[in-house]
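Sequential numbering from 1236 applies to the sequence shown in the numbering used here.
Honestly, the hints are just simulated from the structure, not real lab data.
The structure presented is a predicted model; accordingly, all values stated were derived computationally and were not measured.
Treat the hints with care, as some may be off.
[As the list claims (entries may be wrong)] Only pairs whose alpha carbons sit at most 20 Å apart, straight line, appear in this in silico SDA-like list of lysine to any residue: (1) Lys1352 / Asp1312; (2) Lys1306 / Glu1325; (3) Lys1314 / Ala1285; (4) Lys1314 / Glu1347; (5) Lys1314 / Gln1289; (6) Lys1306 / Ser1319; (7) Lys1306 / Gln1289; (8) Lys1306 / Ser1290; (9) Lys1306 / Asn1332; (10) Lys1352 / Gly1338; (11) Lys1314 / Phe1302; (12) Lys1352 / Ser1319; (13) Lys1314 / Ser1356; (14) Lys1306 / Asp1291; (15) Lys1350 / Asp1321; (16) Lys1306 / Glu1328; (17) Lys1314 / Ser1295; (18) Lys1306 / Ala1292; (19) Lys1314 / Ala1292; (20) Lys1314 / Asn1284; (21) Lys1350 / Gly1307; (22) Lys1314 / Arg1346.
[Unchecked claim] Have a look at the derived ranges for each label pair, beta carbon to beta carbon: (23) Lys1350 / Phe1303: 25 to 33 Å; (24) Arg1353 / Asn1284: 28 to 36 Å; (25) Ser1309 / Arg1336: 24 to 32 Å; (26) Arg1354 / Asp1298: 17 to 25 Å; (27) Asp1291 / Asp1312: 34 to 42 Å; (28) Leu1293 / Lys1350: 18 to 26 Å; (29) Ser1309 / Asn1284: 13 to 21 Å; (30) Gly1307 / Asn1284: 31 to 39 Å; (31) Ser1290 / Ser1356: 14 to 22 Å.
We put the CB at the ideal spot given by N, CA and C, even for glycine.
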Amino acid sequence: MRTARRGAETGLEIEMTGYRSDVPENWFVDPINLGVPGVRRADAAEDDNALAWQSDALCSQTDPEAFFPEKGGSTRDAKRICTSCDVRGECLEYALNNDERFGIWGGLSERERRKLKRRAS
1236 MRTARRGAET
1246 GLEIEMTGYR
1256 SDVPENWFVD
1266 PINLGVPGVR
1276 RADAAEDDNA
1286 LAWQSDALCS
1296 QTDPEAFFPE
1306 KGGSTRDAKR
1316 ICTSCDVRGE
1326 CLEYALNNDE
1336 RFGIWGGLSE
1346 RERRKLKRRA
1356 S
């Protein structure tokens, strides 16, 4: 099926090949219904600003690669930044609650967070 459309700004005619006009305008794919891991609906009771602490995090003002080193890479610089961060506790809590598997969060590596969770159990 071919249709021609006139571009509003240019006045040029645009040929659209394979355009399906039978798709409803309000059609969309809901990632929650697809079962995408990590995607969930927010509870109505959840605070809208649950991640507001991230804007105060020192890591948001530095190179993110320091917080996600390659395997065997140094975590020293990232951990040093975390020691003086005002939201270190919120960051660590977020990582523990969301099972963050990569990077330095709240001054701890993924291995250190796993150990912490095991001790807390």
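Against the structure, the hints come out as follows:
| no. | hint | verdict |
| --- | --- | --- |
| 1 | Lys1352 / Asp1312 | violated (24 Å) |
| 2 | Lys1306 / Glu1325 | violated (25 Å) |
| 3 | Lys1314 / Ala1285 | violated (23 Å) |
| 4 | Lys1314 / Glu1347 | holds (12 Å) |
| 5 | Lys1314 / Gln1289 | holds (16 Å) |
| 6 | Lys1306 / Ser1319 | violated (25 Å) |
| 7 | Lys1306 / Gln1289 | violated (25 Å) |
| 8 | Lys1306 / Ser1290 | violated (27 Å) |
| 9 | Lys1306 / Asn1332 | violated (23 Å) |
| 10 | Lys1352 / Gly1338 | holds (16 Å) |
| 11 | Lys1314 / Phe1302 | holds (8 Å) |
| 12 | Lys1352 / Ser1319 | violated (23 Å) |
| 13 | Lys1314 / Ser1356 | violated (25 Å) |
| 14 | Lys1306 / Asp1291 | violated (28 Å) |
| 15 | Lys1350 / Asp1321 | violated (23 Å) |
| 16 | Lys1306 / Glu1328 | violated (24 Å) |
| 17 | Lys1314 / Ser1295 | holds (14 Å) |
| 18 | Lys1306 / Ala1292 | violated (24 Å) |
| 19 | Lys1314 / Ala1292 | holds (13 Å) |
| 20 | Lys1314 / Asn1284 | violated (25 Å) |
| 21 | Lys1350 / Gly1307 | holds (18 Å) |
| 22 | Lys1314 / Arg1346 | holds (14 Å) |
| 23 | Lys1350 / Phe1303: 25 to 33 Å | violated (20 Å) |
| 24 | Arg1353 / Asn1284: 28 to 36 Å | holds (31 Å) |
| 25 | Ser1309 / Arg1336: 24 to 32 Å | violated (19 Å) |
| 26 | Arg1354 / Asp1298: 17 to 25 Å | violated (31 Å) |
| 27 | Asp1291 / Asp1312: 34 to 42 Å | violated (20 Å) |
| 28 | Leu1293 / Lys1350: 18 to 26 Å | holds (24 Å) |
| 29 | Ser1309 / Asn1284: 13 to 21 Å | violated (33 Å) |
| 30 | Gly1307 / Asn1284: 31 to 39 Å | holds (37 Å) |
| 31 | Ser1290 / Ser1356: 14 to 22 Å | violated (32 Å) |
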